[in-house]
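J.: Sequence:
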Amino acid sequence: MDPLTGARKPRWQYFLLDRFDNRLGPLDGVTGGTVEVVAQSRLGGSGDLNIDDRGQNIDWLKQRVQIVYDPGVPGVEAWPIATMLFTTPKMRQLEDRKEYAVDLLTKLQIVDQTGFDTEYSLEVGEPIIPAVVAIIQSVGETRIAATDLGAVTTVPLRWEAGVSKLTIINELLQAANYWSLWCDGSGQFRVQPYVAPTARPVVRVFEAGQASIHEPGWTLEQDHSAVPNKYVVRRDGDDETPAIVGVAVNMDPASMYSIPARDGLIVMAEVEVVSDIESQQAADDLAQRRLLDAMSPVAKLEVTHAIVPLNPNDRVKFIPRGYECDATVQRMKYDLAFDGQCDADWREVM
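So in our numbering, the last spot in the sequence shown is 336, and the numbers never skip.
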């Protein structure tokens, strides 16, 4: 039996980190806050903390905070929910003490707020993932987990001086059919190949019954209007490189939005023009990914559940009473209270 379905004695832990993510010690005085982790957000989420001033002498510009959840279950180790940067602290003087309300941003902000002083360029045939890693390292970050499948550029690429390094990274990752850059709970930058929802393993089951860890009330929102069943991605060619067109078509008769289910009617999404696609397979994969994303409003689930270790885009199985589906995690909002839970948005796997 999963120990996280039983009784808990939970607590939140907060640690001050230096700019290299080394722990400096506990952060005392935290009285509450929230953290939100978002899969489809450019910066991957945000948060806020309320902190009583107890002489911590926090360096708001250089130090970071790691927020850790300990379920208080024998045999289950605590795990980090998020590692974040302090931003815009607001001090309030009370009669007998001072307190701070401070907003938090993910470490992607470090990469997003800087650009190159001169034009950044890659020529044809240059490895993409090593280039991405080098850009992350150029802002002083070294904790990087990268999976390199050997993707290379197929056309010359240029970005003007000052363009956000995060923009460059994400455009390169898109060309290689990778996820956009994200950070896990420990603050490690993750560079990983995209995996279709149907190919991801189920990492957790939420089921009604004695061992249920989700609230019985939940919502399902479905938007059937203008859901496409075809998506096209195009890379324009020139005298030296041929054009590449990737096409994804929903022919699944079990899907109510497929071409067969619509009696042959094609509902076309807009054609997306991209600057660099590694191969025909990469173009087809990106078109399929975009088609799945375009179907995202089809089934959105809002569920509140006990806190468990999950990452954005993880696949879960949901079996409440009278319904069953697989879904991917799109948003997780944590209330940093003793009895806090996770308010989650999931996307049903179609």
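The hints are simulated quantities; they were obtained by calculation from the structure and are not laboratory data.
Computed from a prediction, not measured in an experiment: that's the story for all the values here.
A few of these clues could be false.
[Said to hold, decoys possible] Below 20 Å or equal to it, Euclidean Cα-Cα: the simulated PhoX-like pairs (lysine-lysine) are:
#, residue 1, residue 2
1, Lys303, Lys286
2, Lys76, Lys48
3, Lys286, Lys319
J.: Does each hint hold? Answer for all of them.
T.: These are the hints, each one checked on the structure:
As the CA atoms of Lys303 and Lys286 are separated by approximately 14 Å, the hinted pair is consistent with the 20 Å bound. Only pairs whose Cα atoms come within 20 Å are accepted, and Lys76 paired with Lys48 is accepted, the gap being roughly 17 Å. Taken as a hint, the Lys286 and Lys319 pair is honoured in the structure, with Cα atoms around 16 Å apart against an allowance of 20 Å.
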